[in-house]
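Chains as they are written, first to last, in this note's numbering: chain V, 585 to 987; chain C, 129 to 402.
Hints listed in this document are in silico derivations from the structure and should not be mistaken for laboratory results. The structure presented is a predicted model; accordingly, all values stated were derived computationally and were not measured. Where is the CB? At the ideal position from N, CA and C, for every residue including glycine. One should not assume that every hint holds.
In silico DMTMM-like cross-links for lysine to aspartate or glutamate, where the CA-CA straight-line distance does not exceed 25 Å [said to hold, decoys possible]:
{"id": "1", "chain 1": "V", "residue 1": "Lys693", "chain 2": "C", "residue 2": "Glu327"}
{"id": "2", "chain 1": "C", "residue 1": "Lys321", "chain 2": "V", "residue 2": "Asp766"}
{"id": "3", "chain 1": "V", "residue 1": "Lys796", "chain 2": "V", "residue 2": "Glu689"}
{"id": "4", "chain 1": "C", "residue 1": "Lys321", "chain 2": "V", "residue 2": "Asp772"}
{"id": "5", "chain 1": "C", "residue 1": "Lys281", "chain 2": "C", "residue 2": "Asp134"}
{"id": "6", "chain 1": "V", "residue 1": "Lys693", "chain 2": "C", "residue 2": "Asp296"}
Covered stretches of chain C (chain V as the covering partner; in silico rule of three or more C-beta atoms under 8 Å from a C-beta of chain V) [stated by the list, open to error]:
{"id": "7", "segment": "204-216"}
{"id": "8", "segment": "294-304"}
{"id": "9", "segment": "325-331"}
{"id": "10", "segment": "352-366"}
Negatives, chain V to chain C, calculated, CB over 10 Å [what the hints assert, rightly or not]:
{"id": "11", "residue": "Arg633"}
{"id": "12", "residue": "Val746"}
{"id": "13", "residue": "Ile868"}
{"id": "14", "residue": "Glu975"}
{"id": "15", "residue": "Ile979"}
Below are the chains, spelled out letter by letter.
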Amino acid sequence: MTATDPSINAPGHYGRFGGRFVPEALMGALAELDSAFEEARSSPDFVERMAYLRRDYGGRPTKLYFAERLTDRGEGARIYLKREDLAHTGSHKLCNVLGQGLLTERMGKRRLIAETGAGQHGVATATIAALLGMECRIYMGEEDTRRQHLNVVRMELMGAEVVPVTAGTRTLKDAINEAMRDWVTNVDSTHYLIGSVVGPHPFPLMVREFVKVIGQEVRDEVRQREGRLPDAVVACVGGGSNAMGIFHPFIEDDDVRLVGVEAGGEGVDGTRHAATLSGGTEGILHGARSFVLQDEYGQVRPTHSVSAGLDYPGVGPEHAWLRDSGRGEYVAATDTEALEGFRLLCELEGIIPALEPAHAVVPALRLASELGPGGIVVLNLSGRGDKDVDEVERILAQLAGHR
Amino acid sequence: MSVVPDNAVARGIRAANDDGRAALVIYLPAGYPDLVTSRQCLEAAADGGADVLEVGFPYSDPLMDGPTIQAANQVALDHGYTPADDFAMCVELTGSVPIPALVMTYYNVAWHYGGVDRLDAFASAAADAGLCGAILPDLPAEEGGPWRSVAAKSGLSTVFFTSPSSSDDRLAAAAEASTGFVYATSTMGVTGKRQSLSEMAAPLVSRLRAVTERPVCVGIGVTTAAHAREVAGFADGVIVGSAAVHAVTEGGPKAVRALVADLAEGCRRGYGRP
Chain V
585 MTATDPSINA PGHYGRFGGR FVPEALMGAL AELDSAFEEA RSSPDFVERM
635 AYLRRDYGGR PTKLYFAERL TDRGEGARIY LKREDLAHTG SHKLCNVLGQ
685 GLLTERMGKR RLIAETGAGQ HGVATATIAA LLGMECRIYM GEEDTRRQHL
735 NVVRMELMGA EVVPVTAGTR TLKDAINEAM RDWVTNVDST HYLIGSVVGP
785 HPFPLMVREF VKVIGQEVRD EVRQREGRLP DAVVACVGGG SNAMGIFHPF
835 IEDDDVRLVG VEAGGEGVDG TRHAATLSGG TEGILHGARS FVLQDEYGQV
885 RPTHSVSAGL DYPGVGPEHA WLRDSGRGEY VAATDTEALE GFRLLCELEG
935 IIPALEPAHA VVPALRLASE LGPGGIVVLN LSGRGDKDVD EVERILAQLA
985 GHR
Chain C
129 MSVVPDNAVA RGIRAANDDG RAALVIYLPA GYPDLVTSRQ CLEAAADGGA
179 DVLEVGFPYS DPLMDGPTIQ AANQVALDHG YTPADDFAMC VELTGSVPIP
229 ALVMTYYNVA WHYGGVDRLD AFASAAADAG LCGAILPDLP AEEGGPWRSV
279 AAKSGLSTVF FTSPSSSDDR LAAAAEASTG FVYATSTMGV TGKRQSLSEM
329 AAPLVSRLRA VTERPVCVGI GVTTAAHARE VAGFADGVIV GSAAVHAVTE
379 GGPKAVRALV ADLAEGCRRG YGRP
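Chain V with its partners taken away, still in its complex shape:
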């Protein structure tokens, strides 16, 4: 099959997914954002400033590293790691916040708000707010402020105000609700810097355009080194920004498999997981039609993942379309598999990964073995794991106690 980008024909819609299901109060701001983005993306001064900051401030392009020992372990295809963990702030998140931050400046707004789960997007937003001299407030589920305390400190050091959200399940989805409520109230002065390819149009499209540099770099680098495109790119999927970033430039290359790995928690058969495409149903959440983890009445379910960044009951509408059209493959890795991936990268490669991309390691090994020697797999190592060290230590101690 040949897949083409459906959003070219119907802006904001990906097949039957996407759209703008938000209170009327936000529709003006979305239209303003849409036209500001369309104007900026073709404006040389915007494009040049973003390229300059990506390079000199953000550390792009990030390296593509051949993971030799991990490859040996897989006994199959060559595994490359796209080292987003080496970018400034320690994850791929800077691409998106840089783009949206510069756009906010262009719209004449001086206040940024954002939601965060693991804290990586909050840290990236606080970083850009400091760089651009903007006021910044980050909404973070109370549960996550505990799990990711180090990131709370980092955000505060850069001058952001971190607001613990105590509503609902006290995690990422509730932080998004709270940020939306703030935005409805302060839309004249404030830009809501959404951290993933989710939300109402133009967010899924705009965020994708800002993060697709990841896949473009991979494409160039793999071609140079291997003389061809990879057989598969693999990435973890929560909302799905790092995955969309690496997938999108390959969508029209039918021979490149696009494999998304969702958070399987304690198993997709039960309810203690966050694997929206594997275990969810269609619905409307946070402004877009997509897949949602919800009950039969449309009430959004609490989710669970060892990784705060994947602990989200929705997923970007373009991922829903990729899955629906068969172009994307989506699998789930359990908490246990994620911890195994975490350990493997630590012990075999001397890289401490974030728990989010750690989910993609075991599925990448499986793919490598399936493809066999001669194959090429690229795993998007979307962030580094310093933030997770305490949590991993706590879980390992718990597991040891159970033995």
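With the hints as your guide, set chain C onto chain V.
Chain C in isolation, oriented as in the chain V frame:
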């Protein structure tokens, strides 16, 4: 008045206007503090002088709502009530009150009733429960086509939102899509009690007057009889939610009746006196 509206919601509002007052629209969530009491509170609101009722069906992620309504919704959800339970309550409610009632919920709840993407099932159930229309605060006019068509088939009135930030084109589109009344949000923000009424409400209503003859009701932050009186000076209807929920919490049906009587007095005294 020149045109007689063809639906119970608009007729209810115009009847109040013909009687020399702004219509009073009261929102209360189904299932708070429990299903039976919520029905009694809605009946008390009708008894106290409300002209239209809005029955909230709780949703897990109510992003247009402030803390008061969020908390009440959560109580109802924690009881485990389903939309079918809420509709069953509405059957009794609409059988006992002489005024029109609408359901107010988020789009995903309506979309899931009776299966995935079954707005038609939701609309039929609402009509069967004696409800006259529905309000879906996260459904803007341009995504509203499917809902408008099933609502029309089931004889339900539609209500779309307008905001001080809406362009004139958007005001016209929302008004055109709204057969019951046009919901004018008094301020930029979520539901909740406010100290004073926003200065943005009156200009929004006068902008709406330029594009529609349909009834315009003002909500979000209308808290006291003084606010109601002020809004009655320029709008066809006054919508009160969080303050009514607060009355439920404080004193159940009796407190609701007293608050509504007070608000209704404001709607009469202020009507047509900007």
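Do the hints match the structure? See the list:
Our distance criterion of 25 Å between C-alpha atoms is met by Lys693/V and Glu327/C, whose separation comes to about 23 Å. Taking the CA atoms of Lys321/C and Asp766/V, the gap is about 16 Å. The hint holds against a cut of 25 Å. Under the criterion of a C-alpha separation no larger than 25 Å, the hint pairing Lys796/V with Glu689/V is consistent with the structure, at around 22 Å. Pair hint Lys321/C plus Asp772/V holds up; C-alpha atoms about 22 Å apart against a cutoff of 25 Å.
Straight-line distance between C-alpha atoms of Lys281/C and Asp134/C comes to about 14 Å, which keeps the hinted pair within the 25 Å bound. A distance of roughly 23 Å separates the Cα atoms of Lys693/V and Asp296/C; the hinted pair therefore holds under the 25 Å criterion. With a cut-off of 8 Å between beta carbons, the segment 204-216 of chain C has 3 residues touching chain V; three or more are needed, and the interface restraint holds. For the segment 294-304 of chain C, the assignment as covered by chain V holds, since 4 residues bring a beta-carbon within under 8 Å of that chain's beta-carbons and 3 suffice.
Counting residues of the segment 325-331 of chain C whose CB lies closer than 8 Å to any CB of chain V gives 0, so the stated coverage by that chain is violated, three being the minimum. With a cut-off of 8 Å between beta carbons, the segment 352-366 of chain C has 0 residues touching chain V; three or more are needed, and the interface restraint is violated. At roughly 29 Å, the least C-beta separation between Arg633/V and chain C is larger than 10 Å, which holds for a residue marked as non-interface. With 10 Å as the threshold on Cβ separation, the claim that Val746/V sits away from chain C holds: the shortest Cβ distance comes to roughly 19 Å.
With a minimum CB-CB distance of about 5 Å to chain C, Ile868/V fails to clear the 10 Å threshold, and the non-interface call is violated. Against chain C, the non-interface label of Glu975/V holds: every CB pair exceeds 10 Å, the least being about 26 Å. Remark: the non-interface label on Ile979/V is consistent with the geometry, its nearest Cβ contact in chain C lying 28 Å away (cut-off 10 Å).
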